[in-house]
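Asks: Take a look at the letters that make up each chain.
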Amino acid sequence: MQQQEIYKFLHNYFDSNGCEFVELADGYMTVQLTEELDKELMNRPFYWHYLEKTGGIPNPMKLTLITDQSNVPENIKGENIHFGSPRLHQIFESTKRLAGYIRLYENKEGAMGSQIPLLPWLCVNMKISYQCDRKRDVYKSIGLQLINGRMVTDFHDLLLKIELTPKIPDYAFTLSPLIMPKSGMARIESLLRTLIAEEDHSWANDARIRWKKDLDLLKHFYEGDEKNESYEIEQRALKDQFEPKIHISIINGGLFYLTDKAV
Amino acid sequence: MTVEIIFNSSWQEELLNRLTNDGPWGSWDLYKLAVEVEKHTLVPEFEGLRAPVHIPQLTPLPHQLEVAKQVVENMHGKAILADEVGLGKTIEAGLILKEYMIRGLVKKALILVPASLVLQWEMELNTKFFIPAVAQKKSYMWEQYDVVVSSIDTAKRNPHRDIIFKQNYDIVIIDEAHKLKNNKTKNYEFVQSLKKKFCLLLTATPIQNRLEEIFNLVSLLKPGHLGSESSFFEKYKKDSRSIQDNEHLKELINKVMIRNRRSDTGIEWKKRHVETIPIHFTKEEQDLYDSILTLKEEQGITQSQFSTMTLQREACSSREAVYYTLKNMLQRQENPSPAYEATIASLIKRIEAVPRNSKAEKALELIKKIGDKVIIFTEYRATQLYLQWFLQQHGITSVPFRGGFKRGKKDWMRELFQKKVQVLIATEAGGEGINLQFCSHIINFDLPWNPMRLEQRIGRIHRLGQEKDVMIYNFAIKNTVEEHILKLLYEKINLFEKVIGDLDDILTRLEFGSIEDHLIDIFGHSASEGEMKIKMENFTSMIQFAEQMKEGNHHAATGNL
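Each protein sequence line maps, in turn, to chains S and V.
Mapping of the first sequence onto UniProt numbering: residues 1 to 263, in sequence order.
Mapping of the second sequence onto UniProt numbering: residues 1 to 561, in sequence order.
Treat the hints with caution; some may be incorrect.
Stated by the list, open to error - No more than 25 angstroms apart at the CA atoms, straight line, and that leaves these computed lysine to aspartate or glutamate pairs for DMTMM-like:
(1) Lys235(V) <-> Asp216(S)
(2) Lys184(V) <-> Glu232(S)
(3) Lys161(S) <-> Glu38(V)
(4) Lys406(V) <-> Glu38(V)
(5) Lys32(V) <-> Glu35(S)
As the list claims (entries may be wrong) - Just so you have them, the derived chain V footprint on chain S, three or more residues with Cβ under 8 angstroms:
(6) 126 to 132
(7) 170 to 179
Claimed, not checked - Some chain S residues well away from chain V (every beta-carbon gap over 12 angstroms; in silico):
(8) Asn12
(9) Asn80
(10) Val152
(11) Glu232
Please keep in mind that the hints were generated in silico from the structure rather than gathered at the bench.
Even for Gly, the Cβ is constructed at its ideal location relative to N, Cα and C.
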């Protein structure tokens with residue numbers, strides 16, 4: 001992430017959360033936090049607790065974030081933000097937490113008298129992590145149509161091209177899903193399992209070879225002393241270190257009601 | 001073979017929950033941002049380092065990045081980091097830890113360091129790496145925090161010990177790990193019984209010396225890598241004279257250990273200038289020194305040769321140091337004979353007759369001339385106290401520094417030295433583990449006979465971050481044991497300007513034993529100065545031979561080309 005991208009991201013984040021910008025300049029921004037974001041980011045539960053108890057007037061903080069130090073007047077004090085800074089990662093986490101679940105409708109109004117049907121889709125964006133003593137991640141987005149069971153990959157990218165709205169448009173109506181979201185999730189999971197099974201797993205085999213090698217050394221080391229408590233601990237440590245595993249975790253997702261021409 | 005797939009189902013439960021309750025639903029803009037964020041933070045490749053991108057304000061040196069890459073990619077996160085003093089092992093460990101944290105392979109980390117370094121580690125991890133490390137202060141902290149820095153001495157004791165064993169640490173990092181060379185100690189046993197998924201052992205002392213120590217350290221990291229205890233010693237102790245086997249052993253060790261030398265790094269180091277300052281005793285000081293020499297002939301006065309040698313060396317430092325030892329010698333005797341008491345008393349008389357300290361006066365003169373920050377190292381606490389008083393009498397501000405100081409006091413003293421006072425007076429144990437690179441002058445008021453210690457002393461200031469050339473002044477009194485030590489250490493072996501590891505390697509290869517062992521034998525066990533001189537001559541020619549061998553190898557190698 002370049003500094004300009006970070007700037008854009010921060011702007012979007014505060015904007016989407018309804019914050020006012022006190023100052024918006026090249027290289028830095030000062031934001032008036034809302035009450036919600038103050039609670040989310042500033043880590044001062046005692047203040048908010050106190051305020052609730054006493055019924056005082058909330059005074060959320062202002063936050064100045066600097067993305068380009070060379071471009072900031074001297075009197076401006078703020079936090080330097082770069083890709084590794086804890087504040088940015090806190091905001092990353094907050095973004096994911098605040099936008100884990102969604103429901104949207106395609107913004108297409110039907111003509112008078114002819115109503116437009118919208119089809120339900122379940123979309124999940126996820127991270128697949130291949131883990132042994134090393135790790136790599138893959139991003140995947142899958143959409144499942146909850147009437148005919150059709151599945152589409154890179155679904156999120158398709159959604160980006162469609163105009164979406166949180167309220168159902170006039171003269172449009174939604175079709176009820178035939179596949180329940182719960183079994184929809186099961187279908188997505190089983191598709192993933194099939195796809196992953198077909199992949200090349202030499203990374204996992206290599207890890208198992210490393211594991212076995214170290215395990216053999218360990219056995220030799222504790223030969224005649226197998227009852228030793230350390231032996232058991234070391235074995236568990238090797239398992240944790242090398243055992244290949246694939247974790248699938250969901251970033252976000254939800255229901256999208258789309259026209260049949262949309263996908 | 002199939003791989004276990006773990007599908008996180010907690011998201012799904014919450015989705016169903018929100019469907020039933022008709023929300024709440026996130027905003028489309030934030031939702032899109034969240035996907036963007038994830039795409040930016042995920043790590044698409046097994047290989048390579050992501051950490052540098054996260055710490056743009058820190059520019060690791062090429063050898064440090066290489067170490068981190070090696071450890072993560074080829075050593076599977078278990079390694080002994082054995083760079084020479086001052087090459088930035090902390091940075092290497094920080095890089096590795098950061099890399100694992102970014103990749104989500106490490107969440108909980110336990111960092112065990114000498115008590116004097118706890119705060120420094122905490123600070124460096126936080127400011128240089130943005131790793132939220134905390135110094136352990138209360139026992140609840142083990143559970144509350146993910147990255148904890150502590151001393152082994154605290155960690156191994158209950159209640160901490162039991163709590164630590166309940167935590168599931170993903171990585172254990174141990175600084176100054178050469179202290180774990182003895183597998184009979186409590187510290188060793190403690191570290192051994194910790195679960196170590198990933199593990200970094202940091203040490204600056206080359207461990208090629210004693211086979212047993214190597215075996216213990218490697219077995220802590222990776223049990224069985226060098227075989228079982230019995231098979232290892234069967235193989236190497238008996239045949240330890242055959243270089244062939246040692247080559248094989250070296251190869252094995254290099255699989256778990258990385259050692260960079262200053263000369264490997266390609267960095268232009270600030271120079272070390274070493275200056276020997278010969279000092280003449282005053283008449284009274286000479287009398288005191290000589291009267292200690294005569295002790296040797298009087299049977300029963302000294303219990304061991306060691307204390308005579310100690311007294312001699314102390315006499316070269318300060319009369320206070322001698323006095324302190326004499327007092328102890330007298331106290332230790334249950335029923336001192338009248339002759340014994342008389343001898344001690346006569347020595348004390350001579351001490352009282354000494355009106356001034358030639359070395360201290362020289363030091364004062366030098367400090368005034370330097371006009372900048374100076375570290376004085378002495379072996380003796382009595383000398384340390386005396387010097388502090390003496391400098392104060394002459395309007396020079398100073399702070400003491402000792403290994404026995406509590407953590408906070410050490411940090412405070414360092415801070416005072418950096419900001420307020422001109423001189424820091426350190427005793428041996430205090431030399432280890434603090435970084436004083438803002439100072440570029442060292443006075444070795446007296447000399448240790450262990451060159452590794454000398455290297456540690458110099459390493460406090462001759463390290464990365466030092467901006468000036470480093471000046472080292474060695475004080476030696478003419479015609480004393482001190483001069484002999486210096487002759488050996490400096491003039492003959494040229495020790496100060498070269499890094500000791502090189503020489504130690506050669507000696508080990510030739511099966512001559514380590515320098516340290518030789519020096520202890522020469523200075524600690526010689527019965528007379530004559531014996532010491534002969535042993536020293538032998539040792540010097542051995543080293544010269546070793547150096548020739550090294551050069552010979554070079555020639556042979558080029559000849560083959």
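Asks: Does each hint fit the structure? Answer for all of them.
Replies: Quick rundown of the hints versus the structure:
{"no.": "1", "hint": "Lys235(V) <-> Asp216(S)", "verdict": "holds, 19 angstroms"}
{"no.": "2", "hint": "Lys184(V) <-> Glu232(S)", "verdict": "holds, 20 angstroms"}
{"no.": "3", "hint": "Lys161(S) <-> Glu38(V)", "verdict": "holds, 20 angstroms"}
{"no.": "4", "hint": "Lys406(V) <-> Glu38(V)", "verdict": "violated, 45 angstroms"}
{"no.": "5", "hint": "Lys32(V) <-> Glu35(S)", "verdict": "holds, 23 angstroms"}
{"no.": "6", "hint": "126 to 132", "verdict": "holds (count 4)"}
{"no.": "7", "hint": "170 to 179", "verdict": "violated (count 0)"}
{"no.": "8", "hint": "Asn12", "verdict": "violated, 6 angstroms"}
{"no.": "9", "hint": "Asn80", "verdict": "violated, 9 angstroms"}
{"no.": "10", "hint": "Val152", "verdict": "holds, 16 angstroms"}
{"no.": "11", "hint": "Glu232", "verdict": "violated, 10 angstroms"}
Of the numbered hints given earlier, the model fails hints 4, 7, 8, 9 and 11; all others are met.
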